[in-house]
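> Here's the letter readout for the chains.
There are 2 protein chains.
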Amino acid sequence: MIPTITSFEKSPDRGQGLARDMRVRWAFEEVGQQYDVRLVSFQQMKEPAHLDLHPFGQIPTYEEGDLTLFESGAIVLHIAQRHAGLLPKDANARARAISWMFAALNTVEPPIVEREMGMYFDRDKRWHQERLAMLNDRVRARLSELSRRLGDNDWLDGEFSAGDLLMVTVLRRLDGSGEVEKYPNLAAYVARGEARPAYQRAFADQLAVFTAATSKG
Amino acid sequence: MIPTITSFEKSPDRGQGLARDMRVRWAFEEVGQQYDVRLVSFQQMKEPAHLDLHPFGQIPTYEEGDLTLFESGAIVLHIAQRHAGLLPKDANARARAISWMFAALNTVEPPIVEREMGMYFDRDKRWHQERLAMLNDRVRARLSELSRRLGDNDWLDGEFSAGDLLMVTVLRRLDGSGEVEKYPNLAAYVARGEARPAYQRAFADQLAVFTAATSKG
Chain A
30 MIPTITSFEK
40 SPDRGQGLAR
50 DMRVRWAFEE
60 VGQQYDVRLV
70 SFQQMKEPAH
80 LDLHPFGQIP
90 TYEEGDLTLF
100 ESGAIVLHIA
110 QRHAGLLPKD
120 ANARARAISW
130 MFAALNTVEP
140 PIVEREMGMY
150 FDRDKRWHQE
160 RLAMLNDRVR
170 ARLSELSRRL
180 GDNDWLDGEF
190 SAGDLLMVTV
200 LRRLDGSGEV
210 EKYPNLAAYV
220 ARGEARPAYQ
230 RAFADQLAVF
240 TAATSKG
Chain B
30 MIPTITSFEK
40 SPDRGQGLAR
50 DMRVRWAFEE
60 VGQQYDVRLV
70 SFQQMKEPAH
80 LDLHPFGQIP
90 TYEEGDLTLF
100 ESGAIVLHIA
110 QRHAGLLPKD
120 ANARARAISW
130 MFAALNTVEP
140 PIVEREMGMY
150 FDRDKRWHQE
160 RLAMLNDRVR
170 ARLSELSRRL
180 GDNDWLDGEF
190 SAGDLLMVTV
200 LRRLDGSGEV
210 EKYPNLAAYV
220 ARGEARPAYQ
230 RAFADQLAVF
240 TAATSKG
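Protein sequences, first through last, are from chains A and B. Numbering of the first sequence is given in the numbering used here, commencing with residue 30 and proceeding in unit increments. Numbering of the second sequence is given in the numbering used here, commencing with residue 30 and proceeding in unit increments.
The set of hints was computed from the structure by calculation and includes no laboratory data. One thing to keep in mind: the hints can contain errors.
Examples of chain B residues lying across from chain A (beta carbon under 8 Å, computed) [unchecked claim]:
id, residue
1, L98
2, G102
3, L106
4, F131
5, L134
6, P139
7, W156
8, R171
Backbone N, C-alpha and C fix where the C-beta goes; we use that ideal spot for every residue, glycine too.
With the rest of the complex left out, here is chain A (with noise of 0.2 Å):
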């Protein structure tokens, strides 16, 4: 049975690939599992048939037979924990590697999304300067423990796993913000997991949803 995700119908980043479902693509194209798209509007996110879904009316949602997930931690673990490619086989490595899943969504994206809300939604207020350095101190601070802790190394912990996947996907919501290239060993691995032949089948398919919904008009 093929799996049936949930993704914006025009995507508000316009093809950038940093909206969520892109983590639950390229999960799905690191360990060859084939999955079908169901594009839904911001309109249709609010309504019930959705929020059955997703309770916070979010995408992705991931559908398979009987079994409803959200959240793209979830899937991507879900994903990982059934097919081979994502996570050690290694039990001690394995929970390491589902440590970093959870360092990417709760410590390292929180203050990344701040600072986006921040410059999206206080940019006109006469105290977004102010907020605004506060906000970088705060994004700092993670990418600088984070660059210490990646080193020399080409992964955060031994070979490619979902936390990286997900770490990934984090890091380049600074896209443009010249956050990341302040540390040249974050940006580095930021390139490397954009240059895995899944991410670009992953990031190409996102794209060309929004370059469609474009071209419609």
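Knowing the structure of chain A, use the given hints to seat chain B on it.
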């Protein structure tokens, strides 16, 4: 082998059980697993020895023989996967419970933490009230969605799970704000979690650390 976790030497919340070791303590108590606690000071948390355990210099960490884990979500999942009591046996129900773990930490907790940080760090700013209104709106949106989904159920999806454990600890961070109380079913849900004997044992243990630290001066 008895695992060892780290916890604040002196709880910044004065023993209210809002630090992230509470989640792990509660999980251990639910499954009946003994554990040891090593207390760390704020200074020690930023020193190399602790950063080797936790790249972001936080608590809790989890050590068991050769295995070191960090991130409360990952540690709770590790405990839940090794012991009965925190995840359903049915594979689909198990995957759904894990969705709720990620939802608690990646969707519900971030706006609650932001609100806390706003209360703490922006309190003396001239724009505090304007910003607090925005922060409250974000928290209320999530609570409203969560309340809608919970409905009249005792727990988020069938039996009590690690997803509920994390969600209750996340909602407890709003204690004193009056926000959860606006949704009677959510307030009852938190009370139901707090009434569990395992919760009460974990709470008493973390409070005892604070009480001892205080009595020592």
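> Now, for every hint given, state plainly whether the structure supports it.
Okay, the hints, checked on the actual structure:
{"no.": "1", "hint": "L98", "verdict": "holds (5 Å)"}
{"no.": "2", "hint": "G102", "verdict": "holds (4 Å)"}
{"no.": "3", "hint": "L106", "verdict": "holds (6 Å)"}
{"no.": "4", "hint": "F131", "verdict": "holds (4 Å)"}
{"no.": "5", "hint": "L134", "verdict": "holds (4 Å)"}
{"no.": "6", "hint": "P139", "verdict": "holds (4 Å)"}
{"no.": "7", "hint": "W156", "verdict": "holds (4 Å)"}
{"no.": "8", "hint": "R171", "verdict": "holds (7 Å)"}
Comparing the model with each earlier hint shows no violations; every hint is respected.
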